[in-house]
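Participant: Sequence:
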Amino acid sequence: MSECLHIHDDEGHDIGYVCVPGPWKYLPRVHERGARTYKLVGEPTASLRIAFMRLAGAFEDDRLRILNRGDILAFDDNPYYEPHVAYEVRP
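Residue numbers 1 to 91, in my numbering, belong to the letters of the sequence shown in order.
Computed spacing ranges between beta-carbons, pair by pair:
id, residue 1, residue 2, range
1, Arg65, His8, 44 to 54 angstroms
2, His13, Lys39, 48 to 58 angstroms
3, Gly12, Glu43, 36 to 46 angstroms
4, Gly42, Gly12, 39 to 49 angstroms
5, Met53, His84, 13 to 23 angstroms
Keep in mind the hints are simulated off the structure, nothing from the lab. Because the structure is a prediction, the values reported are computed rather than measured. Idealized CB from N, CA, C, for every residue including glycine.
Using the sequences provided together with the hints, build the complete structure.
Facilitator: Shown next as structure tokens:
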């Protein structure tokens with residue numbers, strides 16, 4: 001589903017609408033050294049704060065130091081918009 005924003009100029013005149021993807025869902029994932037794929041950390045969440053907490057928890061639990069990076073994907077339920085990396089973290 002996308003969200004449409006009603007745009008006005010500085011004087012309050014109607015300019016039109018801009019549609020953007022949303023509402024966003026966030027999916028944290030981590031990457032191990034030498035791996036070809038990412039591991040998902042939990043389920044998709046609507047809160048960016050929870051996604052960061054899950055990502056931080058995965059790095060804290062990494063006792064062997066095999067994780068070399070992590071990121072948070074942002075995506076919309078609408079299949080028209082592709083997921084994109086919103087944030088990338090390196091320990």
